[in-house]
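Whole structure, please, built from the sequences with the hints as guidance.
As given, the protein sequences belong to chains U and B, one line each in that order. Position one of the first sequence corresponds to residue 1 (our numbering), numbered consecutively onward. Position one of the second sequence corresponds to residue 1 (our numbering), numbered consecutively onward.
The reader is advised that the hints may include incorrect statements.
Stated by the list, open to error - Partial pick of chain U residues on the chain B-facing surface, computed with a CB cut under 8 Å:
#  : residue
1  : 85
2  : 93
3  : 110
4  : 114
5  : 145
6  : 151
7  : 155
8  : 158
9  : 293
10 : 295
11 : 303
12 : 330
13 : 332
14 : 334
15 : 411
Claimed, not checked - Simulated DEER-style distance windows between Cβ atoms:
#  : chain 1 : residue 1 : chain 2 : residue 2 : range
16 : U       : 137       : B       : 396       : 45 to 55 Å
17 : U       : 401       : B       : 316       : 36 to 46 Å
18 : B       : 349       : U       : 344       : 31 to 41 Å
19 : U       : 451       : B       : 188       : 23 to 33 Å
20 : U       : 334       : B       : 333       : 34 to 44 Å
21 : U       : 344       : B       : 333       : 40 to 50 Å
22 : U       : 43        : B       : 275       : 41 to 51 Å
Since the hints were made in silico from the structure, they are not lab data. Ideal Cβ positions, reconstructed from N, Cα and C, are used throughout, including at glycine.
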Amino acid sequence: MRTAFGILLMALPALASSQVRLPDFTREQLPNGAILILLPRHDVPLVSVRAVFRGGAEIEPQGMNGITAATVEMMRRGAGKRTAAQIDLDLDFLGASLSSGANRQSAYFSLEFLSKTAPEALAILADILTQPAFPEDELRKVLAQAADRVRSSKDNPAAAVGPYFNGFFYPAGHPYRHSGTPDELSVSRINREEILSHYRRMAAGRNLIFVAAGDFDAKQFAPLARKIAGALPAGEAVKAAADAAPRFERPRLLLVDKPDATQTYFRIGMPGIHRRHPDRVALLAANTLFGGRFTSLLNDALRVNAGLTYGANSILDLDRLTGAIAINTYPPTATTAKAIDLALEVLSQFSGRGVTQEQLDSARAYIKGNFPTDRLETSDQLCSILAELELFGLGRDDIDGFFQKLDALTPESVNAAIRRHFSAGNLQFCLVGNASAIEKEVAKYAKSMKVVSIKTEGFMPPDF
Amino acid sequence: MLLLRRVPFALMLAPFAMEAQMVQVTEHTLSNGMKILIHEDHDVPNVALYLFFKVGSRNERPGATGISHFFEHMMFNGAKKYGPKQFDIEMEKAGGRNNAYTSRDVTVYTDWFPRTALELMFDMEADRIRDLSFDPKIVESERGVVSSERRTSVDNNPFGTLYEQLNATAYIAHPYQWPVIGWASDIEAWTMEDLKAHYRMGYAPNNCVVVVSGDVTPAEVLPLAKKYFEPIPRQDPPPPVRTVEPPQLGERRVEVRRPANLPLLMASFHVGPARDPDFPVYEVIETILTGGRSSRLHQRLVEKEQLVLNAGGGVRPSLDPGQFLFTFQVRSGRNPRDVEKSLYEELERLSKEPVPAEELQKAKNQILADFYRQLKTISGKANLLGDYEVFFGSWNEILNAPARIEKVSAEDVMRVAARIFAPRNRTVGTLIPEQGAEVKQ
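Spelled out as structure tokens, the structure:
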């Protein structure tokens, strides 16, 4: 494959036509507080449903990181009169696909089925959402599997660098420090009682956003959807954590030692923004130019010109709380410092010089051109975007007015945002690689530096 | 434990009828032999332009393995009209994005862009197909990029390491034995002449299928194809791959020892190419064994015996005889030999006991639903059309695909399973962690 950029850009809400508009949908609040959103559209004979519970990593008790993901996995492992195996069988027999997961601010189920099978598929989802049994034997299995997945991720530095970066970047007590990722330690603490109590906290009408899009007739479908989404007790709305943007007084460096690694996987982070931040659209354009596409400054310097890596990019978090802007790449062990130097030089020039009108025009066209296929083409994409708007308390104008906001950007406004957020000072370096080969030369980046073995349990750094 | 229900007959039939409308295609062959397939879909104002060149690692030779993939990278590094970096710069400026992939059989260039960039893309694609430039400095820099790609996907990835060793063991003669990305020493060693020879061999218009899917009409596309692609001269296509893999005479095994927390197990069985009349049977067998959580191997190995974290496997369409490949991430403290034993029992059961009617129907429903999932996007449709044209002889075969699956009987499954899963036809690879499986403080 030529590049992995496509995958990274999925995280970025990214036309050349003048404006973009969400298709028409209905939104109602049910008596139990649940929000029901329906968007009928007739393309392929498939329906997508997304059931989202507010909370995610933000409501995980201390030391119980990963419990949200474990809870949603357990919800499909026995519910109503169906065993785990029966649910798997019933879904597969319908040709339906069900995925679930947890992120920083929510847990979700994503179900896709052939339109003719709507009553059967929805009945299965109803059982999962409202009548999970949480059998003890399934829980033991799920937790043991989660522990092995952690071990497996430590065999792949590309997978391990993210959790290590989060543990290092966010302060103790911050919900993003674990970001809902389990580790060997938390998995040993989670039990059925904790899962049950987490389910009751999370699975309440007031926390539920239920979205369906696809090949259905709204008149027939709405009563079915209301019945499912309205069946949960109203419960209590989760209390959202207050925003606490990470702040750094000095540069720090965490080196995770994986002696057999032949390249160094690194992230260099700085405090960023949240999803509702007024600088979001300006930073989407800025980050596109800095490290969000193939011709971005980072990828051009490190990959295209220097041939040091298969790809270099920057990630702009857009979550409910303030996240990071992080440079991300993986040079060979021997050229680790050369690659970091180059990345820092690109950052320094970008934060100093900003962007030109020509660059801004190109970024704007890129974001607009990719937006329809990234976010609005399929029913599951529409479910995802509608749930996102609801989750972040945004209205449809966030999408319908998106291109107008892009059009209103000027080099001055973008450069002001760059000065506010892209800073070459007090950077936070997280490296996974062969410590004995690179420890000395990377010490120059931060006086405050710690080394930890990848064999140490968990992803948390030593105290700095 | 099987509590299957029958699916209403109407469920199966109704979607079948719709599908011919969903995959309407205008087909045209230019005078230089380049085939153009156009599919209209006006849901979003975008276009997917896919170029399938029928050249891949099967057309390589020892000493220059991986050159198809390397060439895929070089196609973005400058031609006569659009110089170095210009393809990407112009494309992104016009709101587009691209990627490309190389397999054993094909090299595919994938362009996604707003409809306003249609003519630009035809101009840039024609420029690089006809007049690619070969700057020695850029070749050296791109060598570094591909080496990094290899380090990421093979050296620093236990799955990639074992997969490469397994294939090198499963094939003793046919070019499918070497990795698509190439051996590390070849990546360091290939020459400018190798690159130019590959370009002359693979990048002929008569060796290419172009698929345009999205917010376009044939009346827009065909004049552009004639203007930009038709003047590219026809050349000789790649020479036929003469080597035929000889029948395997007994089980082959390969072991990899490296630092890792968890073991891996893979097993490969030789099967026919995409045009093998039994290919639909392979697909049904794949779904029964590994399709979804209710599949036989998932239920037994992941859920019941808890020997593995995941049970993957199946067939991919190929031009020459391919593989039925199983992959397992073995759980910590478990023995790959136990996974093998259970796997072989399941394969034997499939070859000796007829699959219950409900289970067979379940597999067919899953395949049909997955088929629709590929039709959700313009890029999914472009890829499907190109795959069918290249691997199954014509995009038209898409329309027959559901009926071919429907025809597969329980007897077919038994007959084909008995043939392909014979012990002498298998190659087994295990990755044994060099350090203990437990992570200690």
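Going down the list of hints, with the structure as the test:
no., hint, verdict
1, 85, "holds, 6 Å"
2, 93, "holds, 5 Å"
3, 110, "violated, 13 Å"
4, 114, "holds, 6 Å"
5, 145, "holds, 6 Å"
6, 151, "holds, 4 Å"
7, 155, "holds, 5 Å"
8, 158, "holds, 7 Å"
9, 293, "holds, 6 Å"
10, 295, "holds, 5 Å"
11, 303, "holds, 6 Å"
12, 330, "holds, 6 Å"
13, 332, "holds, 7 Å"
14, 334, "violated, 11 Å"
15, 411, "violated, 16 Å"
16, 137(U) with 396(B): 45 to 55 Å, "holds, 50 Å"
17, 401(U) with 316(B): 36 to 46 Å, "holds, 44 Å"
18, 349(B) with 344(U): 31 to 41 Å, "violated, 59 Å"
19, 451(U) with 188(B): 23 to 33 Å, "holds, 32 Å"
20, 334(U) with 333(B): 34 to 44 Å, "holds, 36 Å"
21, 344(U) with 333(B): 40 to 50 Å, "holds, 44 Å"
22, 43(U) with 275(B): 41 to 51 Å, "violated, 31 Å"
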